[in-house]
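Number of protein chains: 2
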Amino acid sequence: MAEIQRVLVVGGTHGNEKTGVQCVKALNRNISQFRDRSYTVGTLLANTSAIEKNCRYIEQDLNRCFSNTLLNGEPQNVEQKRAQEINSQYGPKGDDSATDWIIDLHTTTTNMGLTLVVHQNDKPALQMAAYIQSLIPDAVIFYEDRDPAEDNFLGSIAKHSLLIEVGPVPQGLLRWDIFKLTQDGLFHALDFIERYNNNEIPVLPEELHTYEFIEKLHLPRDETGDICGMIHPDVQDNDYQPLNPGDPLFITDEGETICYDGSEQVFTAFVNEAAYYDQAHGLSLMRKKIVSCGSV
Amino acid sequence: MAEIQRVLVVGGTHGNEKTGVQCVKALNRNISQFRDRSYTVGTLLANTSAIEKNCRYIEQDLNRCFSNTLLNGEPQNVEQKRAQEINSQYGPKGDDSATDWIIDLHTTTTNMGLTLVVHQNDKPALQMAAYIQSLIPDAVIFYEDRDPAEDNFLGSIAKHSLLIEVGPVPQGLLRWDIFKLTQDGLFHALDFIERYNNNEIPVLPEELHTYEFIEKLHLPRDETGDICGMIHPDVQDNDYQPLNPGDPLFITDEGETICYDGSEQVFTAFVNEAAYYDQAHGLSLMRKKIVSCGSV
Chain A
-4 MAEIQRVLVV GGTHGNEKTG VQCVKALNRN ISQFRDRSYT VGTLLANTSA
46 IEKNCRYIEQ DLNRCFSNTL LNGEPQNVEQ KRAQEINSQY GPKGDDSATD
96 WIIDLHTTTT NMGLTLVVHQ NDKPALQMAA YIQSLIPDAV IFYEDRDPAE
146 DNFLGSIAKH SLLIEVGPVP QGLLRWDIFK LTQDGLFHAL DFIERYNNNE
196 IPVLPEELHT YEFIEKLHLP RDETGDICGM IHPDVQDNDY QPLNPGDPLF
246 ITDEGETICY DGSEQVFTAF VNEAAYYDQA HGLSLMRKKI VSCGSV
Chain B
-4 MAEIQRVLVV GGTHGNEKTG VQCVKALNRN ISQFRDRSYT VGTLLANTSA
46 IEKNCRYIEQ DLNRCFSNTL LNGEPQNVEQ KRAQEINSQY GPKGDDSATD
96 WIIDLHTTTT NMGLTLVVHQ NDKPALQMAA YIQSLIPDAV IFYEDRDPAE
146 DNFLGSIAKH SLLIEVGPVP QGLLRWDIFK LTQDGLFHAL DFIERYNNNE
196 IPVLPEELHT YEFIEKLHLP RDETGDICGM IHPDVQDNDY QPLNPGDPLF
246 ITDEGETICY DGSEQVFTAF VNEAAYYDQA HGLSLMRKKI VSCGSV
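Protein chains in written order, with the numbering used here: chain A, -4 to 291; chain B, -4 to 291.
In short, the hints are calculated from the structure, not lab data. There is no bait here: all hints are sound.
Note: identical chains are not told apart, hence a pair may lie in one copy or across any two.
Capping the alpha-carbon separation at 30 Å, the derived lysine-lysine pairs in DSSO-like fashion look like this:
hint	residue 1	residue 2
1	48	211
2	20	211
3	118	211
4	48	20
5	76	48
6	175	118
7	20	154
Since this is a predicted model, take the numbers as computed values, not measurements.
Pulled out of the complex, with its shape left as it was, chain A reads as follows (with noise of 0.2 Å):
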């Protein structure tokens, strides 16, 4: 028996991020091209609510809500409501979880192109990664090492999972070249997974070459919070990019440059999304990591 059996594509986690959600109605209609394969792939709209009003989050960003602790106690609103009610039907989280892979579709509005985020130190989950990056080389891997428990994502239900994270795009449109993008992402993804079940995964780098997160920076504000300034033209549309000590990266609404004021060189990511806003957070800074992504 095939090791991989059920496998769950989620859109519509964050509810405006339509891409996803057109990815799996496309796939709904289409579904009898994965009729052979060795295990069977299920479609979830995880977040109904907020994709019903177009917007990210009703209460609580769902994608926040699937750690151990917010699973087993009560539902304070109707995000961890919805991931309890998720966790019942496709988990539960663990090792006995009924769903073997989840691949979780998402777009942001900044430049980061095609991205693969590996969550926890998952060798299947870098493998297909790895596997994906094989054949479209502009692909990035966005690496981070979570415990399982505290991993508050969707796909940590799951025994593995891949975040498939897709831009540049606005939230609330469609555009072909990044629905396109995301499906290529996910049907490389899928057939990764049938060749895991057939032993017929192609060799892959023994290192990973990957971006690891270290922390959210915040956009210039006033002395009441409110944001007064922006990414600078500099850093605009370029995520992945090295950032140095002095270099440009903020821009005040007058139009005085802010410079970076660490100590070492980083990278950019996540620069100008506009879901970050809400915490007045402008990008992310990367380390570049080198990852073992093992022998299949």
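Based on these hints, arrange chain B on the given structure of chain A.
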């Protein structure tokens, strides 16, 4: 006494168009630079509830609530109530309005650059648009000849108005290039008013080349009304470009091209505007129109 006494600069008529809000806040901080003008500059954040929630509107698009009918009836929602408040503070709409000029700042997700929207056949508004275009040659004039009583836009409560629409920028974030282009348009508009009061308007073209709205087209939809396609990549980002019968226009999720089935050449605008998705509209069709600007 100068003809133009009171000018109102408006941002946040749509709550998730942050650029206009930021321009208004920056103008408030630096209002002293307009101290010596022949008129007073006031500012207004229009849809304060929607700005707080970072959404276009709460119950109804505020920029559709300023017809005589809605201003004089019993308000049915928060936006109709807000429109009446604004009209009572800055109007009343009609020849006796306390506000001579409104400049209303908007953004769009589309690649329309700096668009100057004139909603009524008002010579000073056309002249202001011509003046800005003389300084920013890429600016486009978007013209409609509405009946003032039926004109439901916020600017219609002043004696004269111009709507400045700038893109592309996603909803819910700020970009320096878009902020600066909006501010440039605004400052030229305010300079125009000073020159108007002082009889110092430079020579402007007698005839303006404008685009006039024809209709909006729906995105491809399935039998349930769900969107099942998007703007064709040949049209995406190509605002104000000719669209001929038989040209690619949409593409279905499955990659099938749908061509324009009109009978004559038209021009594109608002190509893939996120705010249009609630009605499943994909773009606007326009025709070129030459409008007499008249001498000052």
